[in-house]
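Order-wise, the sequence lines are chains A and B. If you read the first sequence in UniProt numbering, its first letter stands for residue 1, the second for the next number, and so on. If you read the second sequence in UniProt numbering, its first letter stands for residue 1, the second for the next number, and so on.
It cannot be assumed that every hint is accurate.
Since the list can't tell identical chains apart, any single copy or any two copies may satisfy a pair.
Unchecked claim - Once the Cα atoms are required to be at most 30 Å apart in a straight line, the calculated BS3-like pairs of lysine-lysine come out as:
id, residue 1, residue 2
1, K460, K226
2, K374, K12
3, K60, K667
4, K226, K667
5, K374, K463
6, K635, K134
7, K510, K334
8, K550, K211
9, K451, K49
10, K515, K226
11, K460, K138
12, K60, K259
13, K92, K138
14, K134, K12
Derived from the structure by calculation, the hints contain no laboratory data.
2 protein chains.
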Amino acid sequence: MSSTPGWVKQLKPSGPQGSELLAAERASSNLPVEQLSELLFTKEGLARKNKVLSVLKSEKLFDKTPNYYLGRTEHFQSAVRRAKALRNLRVKNNWTLEEYRLANELISEPLPYSLHDGMFVVTLSEQGTPEQQKLFTKPAEDYKIIGCYAQTELGHGSNVRGLETTATWNPQDKTFIIHSPHLTASKWWIGSLGKMATHACVMAQLIINGKSYGPHPFIVQIRDMKTHEPLENIHVGDVGPKFGYNTMDNGFLLFNHVKVPHVNMLARFSRVDPETNTYVPNPVPTLVYGTMTWVRSTIVMQAGSALARGVTIATRYCAVRRQFQDRDAPASAKETAVLNYKMVQARLFPLLAATYALHFTGKAMMDMYSENQKQGGTGILADLHASSCALKALSSTIAVDGLEACRRACGGHGFSSFSGIGQYYGNYLPTVTFEGDNYMLTQQVANYLLKSARDVLAGKPAKNETTRILSEFRSRAETGCAFDVIGSDADIVAAYAWRASSLAFDAQHKRETLKTPWNDLLVDFYRLNKSFAQYMVVKNFYETVQAEAKRGQVSRDAVAILRALFRLYALWTLDQEASEFTGTGACSERQVALIRVTVEQKLLAEIRPHAVRLVDAWAFDDWVLDSSLGRYDGKVYEDMFCRASELNPLNRIVVDPNPNSDVIFRKIEGQDPRSKL
Amino acid sequence: MSSTPGWVKQLKPSGPQGSELLAAERASSNLPVEQLSELLFTKEGLARKNKVLSVLKSEKLFDKTPNYYLGRTEHFQSAVRRAKALRNLRVKNNWTLEEYRLANELISEPLPYSLHDGMFVVTLSEQGTPEQQKLFTKPAEDYKIIGCYAQTELGHGSNVRGLETTATWNPQDKTFIIHSPHLTASKWWIGSLGKMATHACVMAQLIINGKSYGPHPFIVQIRDMKTHEPLENIHVGDVGPKFGYNTMDNGFLLFNHVKVPHVNMLARFSRVDPETNTYVPNPVPTLVYGTMTWVRSTIVMQAGSALARGVTIATRYCAVRRQFQDRDAPASAKETAVLNYKMVQARLFPLLAATYALHFTGKAMMDMYSENQKQGGTGILADLHASSCALKALSSTIAVDGLEACRRACGGHGFSSFSGIGQYYGNYLPTVTFEGDNYMLTQQVANYLLKSARDVLAGKPAKNETTRILSEFRSRAETGCAFDVIGSDADIVAAYAWRASSLAFDAQHKRETLKTPWNDLLVDFYRLNKSFAQYMVVKNFYETVQAEAKRGQVSRDAVAILRALFRLYALWTLDQEASEFTGTGACSERQVALIRVTVEQKLLAEIRPHAVRLVDAWAFDDWVLDSSLGRYDGKVYEDMFCRASELNPLNRIVVDPNPNSDVIFRKIEGQDPRSKL
């Protein structure tokens with residue numbers, strides 16, 4: 001069973017081989033794949049990726065083959081090994097932070113140092129005084145201490161002000177006493193805490209003389225540096241198995257009156273004066289907008305590439321998989337590629353278009369942010385912040401739901417781990433919850449849009465993009481609109497702006513004129529957020545295509561296909577939200593009906609011949625995808641078979657199926673196939 | 001770390017305890033939970049469930065606690081043990097088939113005998129001759145041989161006619177030679193095959209004298225009865241890890257010219273005459289509609305209860321979980337239960353309504369089917385068949401997507417395995433693909449609806465429900481419609497019928513008058529299928545509520561809440577599909593706007609006080625749910641903490657996080673916590 005018989009080794013898939021089918025797909029299109037890859041990632045970006053990739057591929061430890069077979073403990077163990085090796089590779093190869101992050105992305109599983117690198121070191125260097133930099137940041141950068149960022153609690157997620165952990169100032173010996181008064185005060189979900197961290201940056205309510213000053217950051221050592229066992233009065237561990245992210249040791253942490261010295265409160269902004277025993281607040285309230293905007297713009301861009309993995313796998317597989325003859329074909333016809341079915345195209349191609357749309361949108365956000373930072377201006381920062389919140393929610397939802405849609409489009413085989421989608425989906429899934437839960441964020445966005453609408457009504461519009469479209473809408477209050485959404489691309493964008501603006505003024509009216517309770521408006525706000533984010537995606541995609549048409553760096557054919565993708569994304573989404581467009585007068589019922597025809601009969605057909613090349617442009621190496629179905633060479637069935645038959649540990653045992661026998665398993669003699677992995 | 005310190009054991013969650021909060025929820029409603037449970041399951045059904053449950057709960061082997069921590073091989077091993085024990089319990093307790101199935105449902109994980117019981121034995125008894133019953137069915141019923149149903153192949157799923165495995169009649173020695181000519185001919189995904197089965201019922205192309213007669217069933221022994229190793233020229237094994245269903249040994253199977261005697265082709269319907277070496281076709285083409293209709297109606301009903309697990313968990317947790325103050329509340333206000341947020345209600349309550357809607361619809365389908373079988377008539381069988389296809393696709397999609405929506409509504413903690421949703425979701429997920437892929441089925445339904453529309457146009461309507469609504473629509477071709485969708489429940493149903501009929505005639509016109517290619521209509525067919533299925537769900541829910549109002553078995557208050565659930569489900573779904581309702585003239589834009597107000601401001605508020613009791617009525621035992629978040633007593637945080645801190649195997653090891661140390665793990669001395677499990 002474990003050793004494949006000779007007669008099996010000789011078998012080949014029937015009919016045209018996957019490799020021939022994908023070759024034919026690629027031959028049917030003249031799309032310049034490399035040009036598109038460079039448009040997405042730049043020449044330098046691609047070179048950097050290849051450099052890092054070749055290092056990783058040459059290390060046996062990073063071979064992904066065993067991943068799908070490992071249980072939680074084994075998989076976490078493997079992840080610790082990889083995290084250490086990656087750190088050492090970084091030092092050895094002198095990788096920049098960007099290259100190091102890229103390596104982690106290519107490995108494509110959460111590694112247990114991530115929160116040390118990503119949050120602990122960053123928080124220390126941003127919020128520590130020079131003394132604290134020396135005391136904590138330097139050893140952390142050298143991996144002498146390993147840290148985590150302990151904010152969320154068992155009973156409190158999004159609401160930071162509700163945290164229960166306390167840090168009470170003790171004037172006698174100038175210390176803070178860190179304490180968990182309740183079970184719900186247990187820190188929870190904290191990445192890199194469960195097994196790895198020696199130190200934690202703990203967010204706790206600062207209490208001086210019985211008065212609370214809100215959450216502040218404290219550095220607390222939690223494990224012995226030598227035995228690595230928890231220190232006294234500290235209860236810490238891993239929170240257990242999860243839907244995904246199982247290579248990360250998300251942890252819990254409880255304190256029983258643990259004393260830390262004065263220097264352990266990060267004090268660059270606000271601090272406790274140990275002489276007067278008083279609180280010294282931050283002179284300038286921290287501008288946290290910046291970092292958060294940057295992080296969320298990254299999520300938008302990554303949403304594009306996360307989804308692109310699924311779309312790449314599903315598109316290639318659907319080009320290889322054949323099932324049924326076309327209903328109108330003669331009886332003698334061969335089975336047709338699943339990708340030729342309109343319903344499959346209608347499920348996959350809008351997602352393919354979304355990958356480009358999200359990538360370009362994230363990129364535009366980051367460019368705008370950098371541009372604004374350079375000018376030192378805070379002028380459009382609030383606008384950028386709200387935009388990034390709205391886009392984070394929309395883009396991660398599109399990516400998560402789209403990944404699952406891609407998995408299902410792979411039919412039965414999509415359910416196999418070897419599809420390469422399931423495990424990745426599980427790891428990506430928390431994105432809809434972290435960095436602001438997607439539903440919670442909509443309230444922040446609504447807040448901003450209500451204010452913008454109010455300012456426009458009051459004749460005091462701020463100078464930014466949001467205010468521009470709101471003002472434009474207001475100026476046409478008595479004329480209405482007439483957008484040629486099928487004939488003009490610019491009008492599509494304008495229709496999206498119209499709908500979002502209309503919903504914004506509606507919500508502002510309900511809240512501020514009719515005094516509707518906030519809670520009764522949450523569904524409206526959700527819709528408003530979505531309409532606003534969709535407008536930005538459509539606008540950014542449109543502007544990118546316009547700019548590329550002028551820039552001439554990609555061929556005219558490529559621009560034409562990008563334009564088709566833009567139209568597909570924008571019109572398909574419009575159809576999904578049709579009743580909001582007709583309800584706000586942004587287009588008519590008749591136009592919606594025509595949009596369906598345009599999408600289903602025209603745009604899908606335009607994209608069909610280029611589908612495989614369009615996913616090729618995303619330049620995923622097979623090593624990165626780790627997917628039987630998504631192989632570049634189309635050898636889908638051979639790969640599935642090898643992973644199932646030869647590598648699968650369950651095929652090293654024999655089962656006694658007799659219900660009256662107590663024997664369950666017997667191991668097969670011979671080499672364990674996992675040793676081959 | 002593994003032993004919880006005393007100071008931790010004394011900690012309690014802060015604020016009002018979960019148990020108090022759920023008690024208050026239950027006290028705020030007078031809904032008769034038991035009456036509703038009896039309405040859903042009948043008194044006898046509940047008694048049967050409790051009887052079986054008490055047997056299972058008393059057996060240590062069925063304790064679910066270890067499940068979330070087990071790797072694939074361990075989990076499968078545990079499943080084999082449980083399958084054997086369950087079989088022996090059935091014999092010991094003299095359980096009926098129904099009770100045995102119920103036990104499996106309560107255990108809530110796929111067990112590796114399922115396909116032996118469910119498909120192998122059933123196929124044998126339905127398709128075997130009396131001689132074959134003696135030879136195969138009897139030993140199978142006695143578990144002397146264990147079988148599976150081997151149809152799907154690596155290269156072929158839905159298209160049975162495309163199967164590649166051959167069974168060639170050999171006139172010389174009166175045998176069949178079973179052979180896999182290509183790698184893609186490998187049987188794949190076959191449940192109970194990977195490790196368990198001694199025999200397989202193999203669907204293979206029957207070939208006599210060089211001519212193919214299509215797929216037929218052959219019984220083939222594949223493993224040695226004693227050593228349980230594969231027989232010569234047979235390559236068999238498990239297909240590997242999957243997104244879910246990992247306690248099942250879905251298998252692969254290849255044959256190298258394996259000979260089986262004449263008696264091994266199941267011959268009740270068609271057969272090979274060994275004297276003349278000719279094919280003897282089935283005199284009466286098999287009426288397969290029946291069984292498939294029954295199976296699909298079961299899926300519809302089960303979709304309701306599958307979704308109800310998620311809704312139960314999410315509703316109870318959201319009643320316990322508090323986060324943020326209400327925006328309009330005074331600053332001193334306490335944090336509010338998440339379930340009070342309109343957006344959370346808008347995500348959960350339509351799903352709560354859907355659980356009842358799907359349950360009643362599945363039940364109505366099964367009643368209609370039984371009624372029709374009793375009358376021996378085939379009159380409405382084609383209609384029932386198409387309805388069950390359409391409903392299978394809709395209901396399993398609602399359940400799958402709804403389960404994930406419930407998981408996300410649990411916020412961060414929904415991601416923990418202990419939420420009880422993730423693993424169950426993974427196991428339920430294949431339902432959208434098996435028994436007819438949800439997208440493939442829509443073509444069968446469309447076929448039937450096009451024919452029905454054609455018959456109505458030709459003035460030759462069949463006598464069934466579908467034809468009735470199509471005729472009604474036609475009769476008003478020149479008057480149009482005017483449905484009072486907010487004021488009248490009957491009009492809601494009529495509006496759904498109108499929209500479905502309108503789409504049916506549209507599709508019929510495009511295909512049969514305009515001669516549009518079938519492939520170009522697949523998206524239309526998908527929409528048509530959905531509209532038709534939604535109509536049936538709404539209609540059946542409506543009729544159930546009407547009937548219960550008359551029957552008086554549940555209180556008036558209960559009927560009123562059921563009616564609110566009906567209206568919520570129907571109007572919320574209408575809003576989701578608004579552009580199809582306005583586009584077909586079934587209602588106006590203005591009505592859609594008012595429906596939103598009705599749903600969001602009225603219906604959600606009506607249901608809110610009864611939410612916890614409405615999920616209680618589904619009568620899930622905590623043992624069945626196996627969820628920290630969904631506990632009946634609301635002790636959410638205590639349960640999460642115990643599972644994470646005390647039972648989690650990862651907390652038995654210490655990690656050395658130093659990147660320069662080769663040591664990864666060290667086990668903590670003392671008892672392995674898994675031995676407690």
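Homo-oligomer pair classification [K463, K374; C-alpha up to 30 Å]: Within one copy only: 18 Å inside a chain, 75 Å across chains, cut-off 30 Å.
Homo-oligomer pair classification [K226, K515; C-alpha up to 30 Å]: neither (61 Å within a copy, 78 Å between copies)
Copy assignment of K460 with K226, given that the CA separation must stay at most 30 Å: For K460 and K226, the Cα distance exceeds 30 Å both inside one copy (62 Å) and across copies (87 Å).
Homo-oligomer pair classification [K211, K550; C-alpha up to 30 Å]: neither (62 Å within a copy, 63 Å between copies)
Up to 30 Å CA-CA - K138 versus K460, copy category: neither (48 Å within a copy, 86 Å between copies)
Alpha-carbon proximity between K60 and K667, which holds within one copy, between copies, both or neither at 30 Å: Answer is both: 27 Å inside a copy and 26 Å across each meet the 30 Å cutoff.
K510 and K334: within-copy, between-copy, both or neither at 30 Å Cα: between (60 Å within a copy, 26 Å between copies)
Within, between, both or neither: K451, K49 at alpha-carbon 30 Å: neither (43 Å within a copy, 56 Å between copies)
Homo-oligomer pair classification [K134, K635; C-alpha up to 30 Å]: neither (55 Å within a copy, 45 Å between copies)
Same-copy or cross-copy closeness of K226 to K667 [CA-CA at most 30 Å]: Result: close only across copies, 15 Å inter versus 40 Å intra.
Intra- versus inter-subunit Cα pairing at 30 Å for K134 with K12: Cα proximity of K134 and K12: none, with 63 Å in one copy and 39 Å across.
Copy assignment of K374 with K12, given that the CA separation must stay at most 30 Å: Neither way: K374 and K12 sit 59 Å apart in one copy and 51 Å across, limit 30 Å.
Checked against the numbered hints given earlier, this structure breaks hints 1, 2, 6, 8, 9, 10, 11, 12, 14; the rest are met.
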